Amino acid sequence: MSTLVEPSRPTVADFHRVNRGGGLFSESVSQWIGAVFALVAQRLGLRPTALTITNLVLGLAASVTVVALAGPVAAGDVPAWVVGLLALVGWQIAYALDCADGQLARVTGQGSAAGARVDVLCDVAAQIALVAALGATAVAQRPETPTWLVATFAGTWMVNLVTSVMQSGPNAASMVTSTSLPVRLVKLIRDYGAVIFVAALVLAFAPALTFWVVVAFTVVNGGFLLASIAFSARASL
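Using my numbering, you'd call the opening residue of the sequence shown number 1 and step up by one each time.
Just so you know, these hints were derived from the structure itself, not from any lab. Quick caveat, the model's predicted, so the values are computed rather than measured.
Calculated cross-link-like contacts (lysine to any residue; reagent style SDA-like; alpha-carbon spacing at most 25 Å): (1) Lys187 to Glu27; (2) Lys187 to Ala204; (3) Lys187 to Val131; (4) Lys187 to Leu209; (5) Lys187 to Ile128; (6) Lys187 to Ala206; (7) Lys187 to Thr156; (8) Lys187 to Val89; (9) Lys187 to Arg17; (10) Lys187 to Trp212; (11) Lys187 to Ser28; (12) Lys187 to Val159; (13) Lys187 to Gly223; (14) Lys187 to Val202; (15) Lys187 to Val18; (16) Lys187 to Val120; (17) Lys187 to Val198; (18) Lys187 to Thr163; (19) Lys187 to Asn160; (20) Lys187 to Arg234; (21) Lys187 to Leu225.
Between the sequences and the hints, there should be enough to build the whole structure, so can you do that?
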């Protein structure tokens with residue numbers, strides 16, 4: 001005889017079940033960690049916005065640390081692995097909290113328009129700081145890095161966030177609807193959890209390659225923006 005879960009006692013699986021995806025890495029790692037955070041927050045009586053603000057504080061702290069130590073790392077005064085580890089832990093926990101706030105809101109019925117706005121605004125702030133961290137490292141490691149490249153990298157980085165917000169509306173549409181494993185593996189390039197994981201590993205073990213990380217994501221995100229414009233324009237016509 002099966003038993004029903006009490007509404008006031010959801011499990012980690014209950015929280016994970018209402019996640020909004022994000023990609024193969026995010027769903028397999030970040031959303032599960034987020035579900036644990038959401039469960040703890042629910043037990044403590046915290047509201048989703050408390051998780052959102054904590055996400056912002058941790059994300060900003062990790063990125064500001066990377067920016068502040070970019071020069072010393074390039075000069076060899078600070079071990080790169082220390083900065084990379086701090087970034088890895090800080091960014092991943094912050095992102096898991098970003099996953100958790102939505103799960104908590106949906107399971108406990110605490111969602112609101114104001115909360116959704118705070119979530120998006122905090123995401124923007126955290127990602128601006130992340131871009132600044134990668135840009136600062138690229139310039140510190142390779143001073144001849146063109147200013148226009150860093151600016152284009154920063155601008156195109158927000159394509160993912162903008163399209164993610166657009167996907168949540170009633171008019172959402174995807175250019176590639178297949179959920180096969182090969183397609184999902186290719187889409188890891190746009191999976192935020194996977195991206196910050198790889199970025200932190202580069203900072204830790206090969207900071208000189210940060211320049212090429214900037215180049216790669218400028219090309220990928222710029223290409224996705226152009227493809228999205230073409231896809232949407234074709235659909236509208």
